[in-house]
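Novice: Sequence:
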Amino acid sequence: MMGKADLQNHSSFTTDAFHRGGFYAVQPRDTGHRAGSDALLLAASLLLGASGTLADLGAGAGVAGMAALAMNPGLQAVLVEIDPLMAQCARDSLALPQNASLSQRAEVVEADITLTGKKREAAGLANASFDHVICNPPYHASNERASPDLRRALAHAMEDGGIAAWLRTAAAILRPGGMLHIVWRPRQLSDLLEACNGRFGGLQILPLHSHGDASAGRIIVRAIRGSKAPLELLPGVVLHDGANQPTAIAQAALNGLARLPFVSGKSSGKTAV
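Using my numbering, the first residue of the sequence shown is number 3, and each one after it goes up by one.
If you are wondering where the hints come from, they were derived from the structure by calculation, not from laboratory data.
Computed from a predicted model, the values in this text were never measured in an experiment.
Heads up, the beta-carbon is just placed ideally off N, CA and C, and yes, glycines get one too.
Incorrect hints may appear among the rest.
[To be verified] Now the in silico label distances, taken between C-beta atoms and shown as ranges: (1) Asn129 with Asp243: 42 to 52 Å; (2) Gln78 with Arg22: 21 to 31 Å; (3) Gly23 with Glu196: 38 to 48 Å; (4) Gln100 with Pro178: 32 to 42 Å; (5) Thr17 with Lys120: 33 to 43 Å; (6) Gly38 with Asp243: 16 to 26 Å; (7) Gly38 with Pro86: 17 to 27 Å; (8) Gly219 with Arg31: 43 to 53 Å; (9) Ala245 with Glu196: 22 to 32 Å; (10) Ser192 with Gln247: 12 to 22 Å; (11) Lys121 with Gln247: 39 to 49 Å; (12) Glu109 with Arg22: 20 to 30 Å.
The task is simple: from the sequences and hints, build the whole structure.
Specialist: So this is what it looks like as structure tokens:
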């Protein structure tokens with residue numbers, strides 16, 4: 003495992019503000035995955051007033067998990083990351099004085115989320131121990147043009163069918179009735195649905211459109227552990243207007259001021275925080 007000195011020698015780092023300075027994240031400048039809108043929209047997909055324990059699988063520097071904590075004071079989070087450099091970034095992020103209000107509710111677990119059984123539990127991911135799981139997995143196909151940076155390439159692409167291992171772990175660590183939120187791509191929707199089969203139900207698929215006249219480039223899927231409820235395809239969210247500026251709903255969600263418009267009998271039905 004790399005020590006902090008090794009990490010500093012490996013890459014330069016930036017400290018980046020999210021939620022308009024609501025929290026900050028330490029991220030490598032020239033390698034690995036740098037968090038963007040996916041992480042923030044994922045956090046904005048949680049139920050209003052979400053509480054209990056949350057696992058952020060493939061957390062990177064911890065942006066999605068920290069955004070979830072910032073938006074939900076009753077939530078505690080475990081940030082799970084396999085890459086030692088990114089896991090150290092998450093630890094450094096939590097140690098920032100600007101994140102003092104979040105750090106007492108979060109911990110970092112450096113682990114391979116594809117582990118199974120006792121190995122997974124020994125890594126710190128006990129069965130039926132979480133109320134929420136969020137994940138922003140590598141959703142590009144392995145045969146697409148990859149980044150020359152190996153760490154970034156691994157964070158962005160996965161082999162066909164690889165999502166099954168992520169959802170196997172998500173299902174194992176969630177309590178019955180626990181909720182999964184995942185960012186994915188429409189073109190690989192069949193893989194996701196197959197991986198959910200027998201594990202999750204009550205799927206709600208929220209399309210994300212870069213512009214009003216564009217096909218959905220991404221989706222966020224909400225799913226319930228063990229539910230038998232039918233799948234719902236929700237009206238899409240447009241992220242940019244004709245002037246290529248964030249729409250009101252996108253800007254609010256990206257800054258932690260509103261939830262994305264999922265439908266759930268467990269929530270108040272409001273989208274504003």
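Novice: Falls inside 33 to 43 Å, the C-beta gap from Thr17 to Lys120?
Specialist: At 38 Å between Cβs, range holds.
Novice: For the hint 38 to 48 Å, verify it against the beta carbon of Gly23 and that of Glu196.
Specialist: 41 Å, holds
Novice: Could one say that the CB atoms of Lys121 and Gln247 fall in the range 39 to 49 Å?
Specialist: 47 Å, holds
Novice: Has the hinted range 42 to 52 Å been met by the Cβ atoms of Asn129 and Asp243?
Specialist: 45 Å, holds
Novice: CB of Gly219 to CB of Arg31, is that within 43 to 53 Å?
Specialist: For Arg31 against Gly219, whose Cβ atoms are near 26 Å apart, the range 43 to 53 Å is violated.
Novice: Could you see if the CB distance from Gln78 to Arg22 stays within 21 to 31 Å?
Specialist: 24 Å, holds
Novice: Does the hinted range 12 to 22 Å hold for Ser192 and Gln247 at CB?
Specialist: 34 Å, violated
Novice: Tell me if the beta carbons of Gln100 and Pro178 are separated by a distance inside 32 to 42 Å.
Specialist: Roughly 37 Å apart at Cβ, these two residues keep to the hinted range, so it holds.
Novice: CB of Gly38 to CB of Asp243, is that within 16 to 26 Å?
Specialist: 19 Å, holds
Novice: Between the beta carbons of Glu109 and Arg22, is the distance compatible with 20 to 30 Å?
Specialist: 26 Å, holds
Novice: Taking 22 to 32 Å as the hint, is the beta-carbon distance of Ala245 and Glu196 inside that range?
Specialist: Given about 40 Å between the Cβ atoms, the range is violated.
Novice: Is it true that Gly38 and Pro86 lie within 17 to 27 Å of each other by Cβ?
Specialist: Since the Cβ atoms of Gly38 and Pro86 sit about 22 Å apart, the hinted range of 17 to 27 Å holds.
Checked against the numbered hints above, the structure breaks hints 8, 9, 10 and satisfies the rest.
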